[in-house]
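J.: Two chains, two frames, some hints: make the complex.
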Amino acid sequence: MAEVVLEGVGKVYADGTRAVNNLNLHIADGEFLVLVGPSGCGKTTALRMIAGLEEISEGTLRIGDRVVNQVPARDRDVAMVFQSYALYPHLDVYENIAFGLRLRKLNKDEIDRRVKQAARTLGLEEYLHRKPRALSGGQRQRVAMGRAIVREPAAFLMDEPLSNLDAKLRVQMRAEIARIQRDLQVTTIYVTHDQTEAMTLGDRVAVMRKGVLQQVAPPQVLYDRPANLFVAGFIGSPAMNLVQGVFSRNGDDLTLTLGDQSIPVPGKLLEERPALRGYLDRPVAVGIRPEDMEDASISSNKSAILQSTADLVEALGSDLLVHFSLNVPQVVTEDTRELAADIGADEVPSGSTSRGTDLVARFNPRSRVREGDTISVAVDTERIHVFDAETGVSIWGDSDR
Amino acid sequence: MTATTAPADASSSGSQEQQARQAMGAPKRSAIYYVVSALGNGLVQAFLIIVALLWLVPTVGLLITSLRTSQDYSESGWWTVFTEPAQITFRNYQNILESDRIIDSLWNTVLISVPSTVLVVLIGAAAAYAFAWIDFPGRDWLFIVVVGLIVVPVQVGLLPDAWLFGKMGIYGDITAVVLFHVAFGLPFAIFLLRNFFIGIPRDLLEAARMDGGRELTIFRKVVLPLGWPAIASLAIFQFLWVWNDLLVALSFASSENAPITYALREQTRSFGANIDIIAPGAFLSMIVPLVVFFAFQRYFVQGVLAGSVK
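For the record, the sequence lines run as chains A and B.
Here this note's numbering is used: the first residue of the first sequence is 1, the next is one more, and so on.
Here this note's numbering is used: the first residue of the second sequence is 1001, the next is one more, and so on.
Hint data in this document are derived by calculation from the structure and do not stem from the laboratory.
Treat the numbers as computed from the prediction; the structure is a model and nothing was measured.
Don't take every hint at face value.
Derived pair list, reagent style DSSO-like, types lysine-lysine, alpha-carbon separation capped at 30 Å [stated by the list, open to error]:
| no. | chain 1 | residue 1 | chain 2 | residue 2 |
| --- | --- | --- | --- | --- |
| 1 | B | K1221 | A | K116 |
| 2 | A | K302 | A | K268 |
| 3 | A | K168 | A | K131 |
| 4 | A | K116 | A | K168 |
| 5 | B | K1221 | A | K105 |
| 6 | A | K108 | B | K1221 |
| 7 | A | K131 | A | K105 |
| 8 | A | K116 | A | K105 |
| 9 | A | K131 | A | K116 |
| 10 | B | K1221 | A | K131 |
| 11 | A | K131 | A | K108 |
Where chain B lies over chain A, by a calculated footprint (3+ residues, C-beta under 8 Å) [what the hints assert, rightly or not]:
| no. | segment |
| --- | --- |
| 12 | 85 to 91 |
| 13 | 99 to 111 |
C-beta: ideal position from N, C-alpha, C; glycine also.
Next up, chain B with everything else stripped away, as it sits in the complex (with noise of 0.2 Å):
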């Protein structure tokens, strides 16, 4: 996030000087348009190629492992299958599917991921609209303990949400891991999703109104679709933070409602690991993230408000 705002940032803070260069008839350069037409240099794609590979090297790795027997790993590096291709086996995926443990626990991790994200993003949107639009008195006093609420830890909230969800009697239910999921991850949210919604320009809710909507229908029809791209990054933050998540799950979840984190846990021992349990299920817990990036990743493209005023 800080790296989509950052150059914006840049390039606004230059603005006067921008303007002065611009009077003197040079174009206007922002550090993004460095950046993006240095991207068209041979050697800087060759440089970033190599850096990508080498990213990879651990995810290839982890994949490969997952596709030998523990005895091979044991005894030679997942390299050597380059040369030996007979290692492959997808036994230790067979294994998993056929073991219950890690299914159930990757569906924990959905039932636990999906309702996390989507409240933080509805109630996040609903509460930035208000922060943003609806002048209601103590807006801001309100907005700033929310904006306050980010720094605080998780840690701090484990002990006493773990009485409270205990009075509640929803102690170690997915229940319990979603609420505290969506507590945290509000503050965030309203603080991205306001400041994004009050760069809309005031005219077009006012034309909106105009033209007969009322505050939800406004939400709804012309916040909502605008504030698509802040959404959709908002989103998928949140599900990336809630899937990876181990401290939470660990804290609340009971073990017949563990996630996937807590099931790899599990299979962690003093001396040495299963192995072949870990690394198929690692990677199978990897994909989900990596699906959802590529789906969301084209709303993050920009410049939807382009010509709707002036």
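For reference, chain A alone in the conformation it holds in the complex (with noise of 0.2 Å):
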């Protein structure tokens, strides 16, 4: 067990691509890290680095007390859950598990200790003679897991393990590998695009995008004051709504106009954001998360209200999704168009189109909203978030940040 502590570690292909840039990061002993971010964003290859399966063009990584930009893979006592679980095709469970123990040298009783263990720990004692073609997906992640757990190693690296599970299994082992990581207290890397994940697990969160770390926080830091547009278009589901607005004074309180709608914000946003003050009557970006806005009228909040139409209506039974568009230009910075890029989005329109922005809105289901339907939407004004409209960055004030 050890602490993990990259240091403008970086990663440069022969052909010049640079896949990780100067990423700093300070694994706790017993942590859990996730770090997370679209396809292509580097996590894998800095988890890769770490493992020693990668090499480390730039920057030093230290696992413990050791600086093992050198030292090979099997030397730095770092164990891997790989996506595609990789276990020995032509060895049993039990020789699965362990592999690891048996190139260490390790005497038989201990090896037999070990491997029970880890298959009482997993659920896999009735499975120890079986070839992992004879199991199920669930069971092949099990043993994956197993293999890194006897090792008893300084760190777990876990390249995206549930991503080859169904939504289900998924949810499932999920919790379990939160279980164990508890119990075994041992420092977690955990590689995973799925935000779902992410917020779950980790301790703390790491977002990268293009080989840039953007922001590492708690999940609840990450959900609450996200550093940019990147992490608060990536953090949420379904994500924030961004659209483009202008503040501007009304008294103590302010006005914030969205298109051709306006609504009333407390002045107290000032308080939180000072820096907002250099940002008065200019376009900033806002973001409003769906679950900060709601049927006005089901709402006690009947200042600040959204006029629109229903477009489409989805029932999740516990909530209500509601479409909508609002007549303001879309936000569009490099981070809204690598977001959309991720989810597959074909074209992202430059600039404001002529239906405006389209919202998503998470409504109680005593709503009654048809599709169609003329909706009154209240927003928590409290809980609106403000970025820059050009770089990105989220507006805070200098003490904060």
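T.: Here it is as structure tokens:
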């Protein structure tokens, strides 16, 4: 068990492609850190550099007290769980789990004790003498975990370990990984592109984009105080709505103008975000999470109301997802383009369109909104996010950031 | 070898089409599927049995001839044995077992075939692993050279190697014959095994590396067991090739180091032949390859990789 420290770590491939750029991370002993980001953001490359499967081009990597840049994978004392599980097909479950211990020349009794214990932890006792091909996906995943656990390594590295499982099993194994990590207290670095996994598993979550670390913070902080548009858009589901708006003074309070509509915003926002003073009366990117909007007819909030028409209503049972549009320009920056590319949107409209911007609100199911209805949307203005429209950086104040 | 890879190629090239068909709900059908399902057909089976029997006729003829005297051989055909079973005699085999020439040459064949096969498999597998999975400068160029060497016929090497072996002082020795077979067996062995090894999922090797394996350990404990089907078929082909070789033996082996093919050839003469030696000798030399084939054939069974990833 040990801390893992990355200082200015970078990866440049032979063809000049820069996969990871100046990555600084301090992962404490026993911490569960999740690396998250869209595909191609360098998170897997970063993990493979920590594992020793990829050469480190720049910076230093420490595991415990050792700088391990030049240490081969086998001597780094870290265990990895692969996305494909990578079980040895010619060995049964017992031998798969024991493989690493045998190579380390542990004595037979110790190997047996550790394998049996890992099998007990993972509920694999009945399957010890089966070959991997006779196992279900979930069982294979457990064997892959078992192979990491028995090593009792300084750190676990997990590369999207749940992405090959179906949705139900994934939730179950997610809880199991969290439990095992809590019990063993082993430093864990977990790579995923699934923000739900990131939020539920991580003590801290590191969001990466194009090889650059965007923000490292506990999940709730990431959600409440995203550092920029990219993090704001990536964390949360459905994603945060981003529209262009203008704040202007109205006595002690503010008015937020969104296209042809405007809503009052309490002056408290200026206390929370002192830097916003410098952005008054010019366009900023305004972020409103779907869960911070409610059907005005069932909401106690009667002041900040937006009018629109429900284009689409998705009933999830626990919530209604109401899609509507506002006649305001869309926010388009590098960040939003990247986010759109990640979800596979073919075309990112540049600037405003005649239809304005599509938004999603999460209504309480008591709302009886139907498609085509005119809706009044109450916005929780205390939870509004504001970003620089050009750089996408979150607008807080000098004192905070 | 081509017979085993061709259907696989056919199915992969048609994979897009298959996906389209799968999407439409039709089950996936490969060429192998049709061949195997046709085997269940009684008519097809009868046809195959007839073909097999026809192919067996010369072998059966050889076996019976080896069990008749040379006088019977010159007077009547081997098939008359079915009406006159009294012709059967083991005297030819007795004579052969008493004559040192045939026994010694059979032993020489073993001394040539076994090392030639073992060395080709060992060196070939190690080189193939390096070509497939170890990054070293010039790897791809070197591999192209190796592949290019496959097309060089053995005849090209006969004279230079005879000169070389003479310089080395091993001309006529079994060592010389083995060296020649290894040299000419390696390019194809490396090519075949490298292409098989490259199909092993990278994750498996990386997992072994993380588990603490050095290259040699990974090679022994992961690559060799997984490569077993390819290694077994390579070993069989190499063994049969060397066992049945006459040209290389004639070129490099001295008479006392002659393998069975060489010794049997000595018995053929311009007019007729010593059939009482050739027939049983040839039959004895056939038995070993047959045993090897049947012993190894279960390793042809594929699907060893199933369930390792995904």
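J.: Under the criterion that the straight-line Cα-Cα distance not exceed 30 Å, is the pair K168(A), K131(A) satisfied?
T.: 24 Å, holds
J.: Are there at least three residues in the segment 85 to 91 of chain A whose beta carbon sits under 8 Å from a beta carbon of chain B?
T.: Three-residue rule met by the segment 85 to 91 of chain A, so holds; n is 6.
J.: Run the distance test for K131(A) versus K116(A): straight-line Cα separation, threshold 30 Å.
T.: 17 Å, holds
J.: Would you check the hint for K1221(B) and K105(A), treating anything up to 30 Å between C-alpha atoms as holding?
T.: Holds, because 14 Å separates the two Cα atoms, which is no more than 30 Å.
J.: Are K131(A) and K108(A) close enough, with their CA atoms no more than 30 Å apart?
T.: Status holds; Cα separation ~21 Å.
J.: Is the listed coverage of the segment 99 to 111 of chain A by chain B valid when you require three or more residues with a beta carbon under 8 Å from a beta carbon of that chain?
T.: With 4 residues closer than 8 Å to chain B, the segment 99 to 111 of chain A meets the three-residue bar; holds.
J.: Holds or violated: K1221(B) with K116(A), Cα cutoff 30 Å?
T.: Answer holds: K1221(B) to K116(A) is near 22 Å, not above 30 Å.
J.: Hint check: K131(A) vs K105(A), CA-CA at most 30 Å. Holds or violated?
T.: 23 Å, holds
J.: Quickly compare the C-alpha distance for K1221(B) and K131(A) to 30 Å and report which way the hint goes.
T.: Status holds; Cα separation ~16 Å.
J.: For K302(A) and K268(A), compute the direct alpha-carbon distance and say whether it is at most 30 Å.
T.: OK: K302(A) and K268(A) at ~18 Å, within 30 Å.
J.: Below or equal to 30 Å on CA atoms is what counts here, so check K116(A) against K105(A).
T.: Cα-Cα ~17 Å, so holds.
J.: Would the pair K108(A) and K1221(B) pass a check requiring their Cα atoms to be no farther apart than 30 Å?
T.: Roughly 18 Å between the alpha carbons, so the hint for K108(A) and K1221(B) holds.
Every hint from the earlier list agrees with this structure, and none is contradicted.
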